[in-house]
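There are 2 protein chains.
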Amino acid sequence: MRLAAFRRPTDEPDARFVGLVLGQGEHLRVHPFDAGADLVELLGESAEWRESRADVAAAADGLTLDEVVLLPPVYPVAMRDFLTFEAHVDGMERGHGNPGPPAEWYESPVFLFMAPHAVTGPYDDVAMPPDTERLDFELEIAAIVVRDVRNGSVEDARAAIGGYCVMNDWSARDVQGREMRLKLGPSKGKDFATTIGPWVVTADELDPYRDEDGFLDLAMSVSVNGRTVGEDRSGHMGWSFEQLVSHASRASWVKAGEVLASGTCASGALAEAWGRNGALVPPPLQVGDVVEMTIEAIGTITNRVVEREVVAAPVPPARRRTRVEA
Amino acid sequence: MRLAAFRRPTDEPDARFVGLVLGQGEHLRVHPFDAGADLVELLGESAEWRESRADVAAAADGLTLDEVVLLPPVYPVAMRDFLTFEAHVDGMERGHGNPGPPAEWYESPVFLFMAPHAVTGPYDDVAMPPDTERLDFELEIAAIVVRDVRNGSVEDARAAIGGYCVMNDWSARDVQGREMRLKLGPSKGKDFATTIGPWVVTADELDPYRDEDGFLDLAMSVSVNGRTVGEDRSGHMGWSFEQLVSHASRASWVKAGEVLASGTCASGALAEAWGRNGALVPPPLQVGDVVEMTIEAIGTITNRVVEREVVAAPVPPARRRTRVEA
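If you're matching them up, the sequences are chains L and C in order. In this text, residue positions in the first sequence follow full-length UniProt numbering: the first is 1, and each later residue adds one. In this text, residue positions in the second sequence follow full-length UniProt numbering: the first is 1, and each later residue adds one.
Hints are supplied without guarantee of correctness; some may be wrong.
Quick list of in silico lysine-lysine cross-link-like pairs, DSSO-like style, CA-CA up to 30 Å [stated by the list, open to error]: (1) L:Lys183 - C:Lys255; (2) C:Lys255 - L:Lys255; (3) L:Lys255 - L:Lys183; (4) L:Lys255 - C:Lys183; (5) C:Lys183 - L:Lys183.
Examples of chain C residues lying across from chain L (beta carbon under 8 Å, computed) [as the list claims (entries may be wrong)]: (6) Glu107; (7) Pro116; (8) Pro130; (9) Gly185; (10) Asp191; (11) Glu309.
Hints listed in this document are in silico derivations from the structure and should not be mistaken for laboratory results. Even glycine gets a Cβ: it sits at the ideal position worked out from N, Cα and C.
Let's have the full structure, built from the sequences with the hints guiding it.
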């Protein structure tokens with residue numbers, strides 16, 4: 001089952017409805033659930049109950065994609081981004097002159113918390129962020145958690161994952177590079193936009209795509225202005241999403257409404273090519289560029305880079321400390 | 001004005017009330033606001049309106065600290081932790097064999113997003129996290145954002161900050177050290193507990209403590225088992241909280257209910273002493289240790305380290321990639 005969040009162009013800007021997505025291409029229709037339906041709640045209920053509500057939605061008329069604005073399927077209560085694709089880590093490390101992933105990468109998965117309020121809809125324009133000449137994308141697959149988990153086994157984690165979507169973790173590489181000198185990871189380099197969508201495909205629907213270890217194995221690709229620039233498979237992740245949720249939940253809450261992302265797949269970011277090529281080839285994204293990401297059995301997100309917004313003035317450099325003893 | 005979140009020990013575990021804190025020491029009382037009062041909303045309203053509601057609360061009987069369980073004053077909708085104390089960065093860098101803060105530290109403030117669901121109450125026990133032999137604390141001051149800001153000036157930011165509290169960003173240094181080899185910052189090393197409290201002191205109440213540049217200048221100290229191990233002043237931050245909020249809001253949302261923290265002050269973490277001393281002196285925290293943090297004009301948080309909880313089994317090492325071409 002595919003579930004989308006949407007509003008009609010004539011609705012209030014903060015209106016939000018959930019729809020059942022049926023059909024493909026020009027036959028695709030979004031069939032609204034009852035007003036008040038919540039996407040995370042629908043995913044957290046039993047399949048039987050969800051199906052019965054979906055039957056009601058399907059019986060009524062659907063809307064074409066021209067008749068709706070698709071919204072981020074979830075406004076996350078927290079968002080973790082992992083680093084699970086060995087070949088991506090290998091490419092980035094070689095770009096820094098290292099021989100490959102450090103031993104620590106293999107031991108257990110790492111993640112960072114992301115800007116939860118930066119999520120944007122699957123077809124939304126993305127404004128060029130300030131202070132960057134190196135705008136990049138990151139092709140990822142993301143899981144939507146629909147039940148609270150703490151110290152959950154892999155089996156608990158499986159029951160807590162409601163579905164999956166495509167994610168573009170937009171990144172300002174030059175800003176991020178300066179910030180990461182402080183060892184805490186990126187700050188403003190990644191807090192301006194994260195595209196998720198186009199909808200959530202329920203976990204049960206993707207079971208046929210699991211490999212012998214239970215890893216989802218879906219083809220992933222990204223194009224810029226219609227030209228494919230990256231391709232990989234989600235089966236190349238070092239850990240399954242169930243393992244990632246279990247790991248995140250060790251002595252910590254993973255709550256309903258959280259999003260956990262795979263990290264960038266191999267060739268899923270321009271920066272990986274820049275490291276490999278020793279030059280900005282392909283070039284950083286420019287205003288007007290269209291980035292399109294597709295994951296097999298999930299769907300496609302498409303976003304145009306548009307002009308910078310008017311931003312706040314930068315803050316001054318640090319005030320040097322004056323050593324007045326406490 | 002001091003505002004605390006609390007429940008009575010006999011209330012449901014998820015009960016949550018807001019109280020006006022009056023008096024000091026044994027005369028301290030928590031005067032409940034009407035049921036349904038929300039701490040972030042109270043802080044977001046005008047001072048006149050807040051005072052009028054506080055007058056009603058103050059007229060009724062108050063509860064002693066023995067009669068309440070103080071809760072985290074806010075369950076953050078997102079949480080940023082900055083790195084604003086030059087002397088702390090200097091100490092940590094020297095511990096890594098570097099000559100001092102990199103030039104990038106001075107240019108603009110960096111931050112990471114924290115685990116928002118890890119916040120715990122001001123007097124709560126903290127369970128020893130798994131996989132660590134190097135539990136540490138971090139003494140910080142935190143601001144509570146009570147109005148949404150995007151591209152806000154320093155003046156906008158000032159209107160958006162409702163108040164301040166003490167924060168202990170508990171850290172498992174060995175876990176964090178392994179994770180930070182991957183350059184994304186800490187993951188499991190910092191997602192298990194963040195103590196905030198004991199209450200929020202409204203921003204207006206701290207105005208007398210602003211220095212000539214408008215920076216809050218409050219004495220900060222931390223003790224372990226009654227012995228002072230760290231002291232600094234918030235006036236040693238490289239940027240004011242208003243500058244931090246403005247910076248965070250550039251091309252990004254900072255929303256009501258967010259918490260922004262200063263980062264560790266100088267001598268506000270054992271790890272800084274470990275770097276300076278070249279040895280684990282003072283020793284890492286052990287079960288039974290009591291960590292107490294005080295910030296002038298705000299208050300004190302006190303937490304005991306207790307036994308580990310039963311955690312989920314660790315996940316296996318990464319599955320090595322099998323190069324099936326996409």
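If you draw a straight line from the CA of L:Lys183 to the CA of C:Lys255, is it 30 Å or shorter?
holds, 26 Å
Hint consistency between L:Lys255 and L:Lys183 [alpha-carbon to alpha-carbon, up to 30 Å]:
Judged against 30 Å, a Cα distance of about 27 Å means the pair holds.
Would the hint on C:Gly185 stand, with a C-beta cut-off of 8 Å toward chain L?
Since the shortest Cβ distance to chain L is 3 Å, the answer is holds.
With a cut-off of 30 Å on the C-alpha distance, tell me whether C:Lys255 and L:Lys255 pass.
holds, 20 Å
Holds or violated: is there a CB of chain L closer than 8 Å to the CB of C:Asp191?
With a closest approach of 5 Å, the C:Asp191 hint holds.
Supplied contact hint for C:Pro130, tested at 8 Å Cβ to chain L:
OK, holds: C:Pro130 within 8 Å of chain L, min 6 Å.
Under 8 Å is the threshold here; is the Cβ of C:Pro116 close enough to any Cβ of chain L for the hint to stand?
holds, 5 Å
Against chain L, with CB atoms and a cut of 8 Å, does the hint on C:Glu107 hold up?
Because about 6 Å separates C:Glu107 from the closest Cβ in chain L, which is inside the 8 Å limit, the hint holds.
Taken at face value, is the distance from the CA of C:Lys183 to the CA of L:Lys255 at most 30 Å?
holds, 26 Å
Hint validation: C:Glu309 versus chain L, beta carbon distance must be below 8 Å. Holds or violated?
holds, 6 Å
Are the Cα atoms of C:Lys183 and L:Lys183 separated by 30 Å or less?
holds, 6 Å
In terms of the numbered hints stated before, the structure departs from none.
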